[in-house]
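Q: Produce the entire structure from the sequences given, and follow the hints as far as they go.
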Amino acid sequence: MKTANQPAYEVDVQILDEEYRIASDLGAEVTKEVVDCVDAKMREITARLPRLPRVKVAVLAAMELAAEVVQVRKEREELLQQAYENISKLNELVEQRSTLLPLTSNWMNNRDPRHSF
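Mapping of the sequence shown onto numbering that gives the first Met the number 0: position 66 corresponds to residue 65, and the numbering continues sequentially without gaps.
Source of the hints: derived by calculation from the structure; they are not laboratory data.
On a predicted model such as this, the values are computed, not experimentally measured, just so you know.
Do not take every clue at face value.
Lysine to aspartate or glutamate pairs mimicking EDC-like chemistry, simulated, CA-CA at most 16 Å apart [to be verified]:
no. : residue 1 : residue 2
1   : K31       : E18
2   : K31       : E9
3   : K31       : D11
Beta-carbon label-pair distances, calculated as ranges [what the hints assert, rightly or not]:
no. : residue 1 : residue 2 : range
4   : S97       : D24       : 27 to 33 Å
5   : E9        : E43       : 24 to 30 Å
6   : R42       : E9        : 22 to 28 Å
7   : P52       : I86       : 48 to 54 Å
Backbone N, C-alpha and C fix where the C-beta goes; we use that ideal spot for every residue, glycine too.
A: Shown next, in the form of structure tokens:
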């Protein structure tokens, strides 16, 4: 039976041709994606630096993956900031329109119908 501190499941995986038993709360699909990502990054580094010891390959992979995470977070923050600015501009436009709408309605109701556009 699973206790509060235990992960959802354990799974055997292969990363760079080595077996690992990992515990995960992420779910099978996400866990597989993570394992595939780590494996691919380590294989990429091993192809570039074939004599590098595995532990250093793992550290470089962690550094490169962390750099990607940092970059994605930065881009996310920039997109969120841009979205907030756009929402603010839209709110201003809605406010301007609600201010102008009564003026336009009054003008349309009070104009001489003989002078149409």
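Q: Now tell me if each hint is right for this structure.
A: Taking the hints in turn, this is what the structure says about them:
1. K31 with E18: 14 Å, holds
2. K31 with E9: The hint holds at about 12 Å.
3. K31 with D11: With Cα atoms ~10 Å apart, K31 and D11 stay inside 16 Å; holds.
4. S97 with D24: 27 to 33 Å: Hint violated: Cβ distance 48 Å, outside 27 to 33 Å.
5. E9 with E43: 24 to 30 Å: Distance hint for E9, E43 holds at roughly 27 Å.
6. R42 with E9: 22 to 28 Å: Given about 24 Å between the Cβ atoms, the range holds.
7. P52 with I86: 48 to 54 Å: Given range 48 to 54 Å: holds, Cβ gap about 51 Å.
When the structure is compared with the earlier hints, a violation turns up for hint 4 alone.
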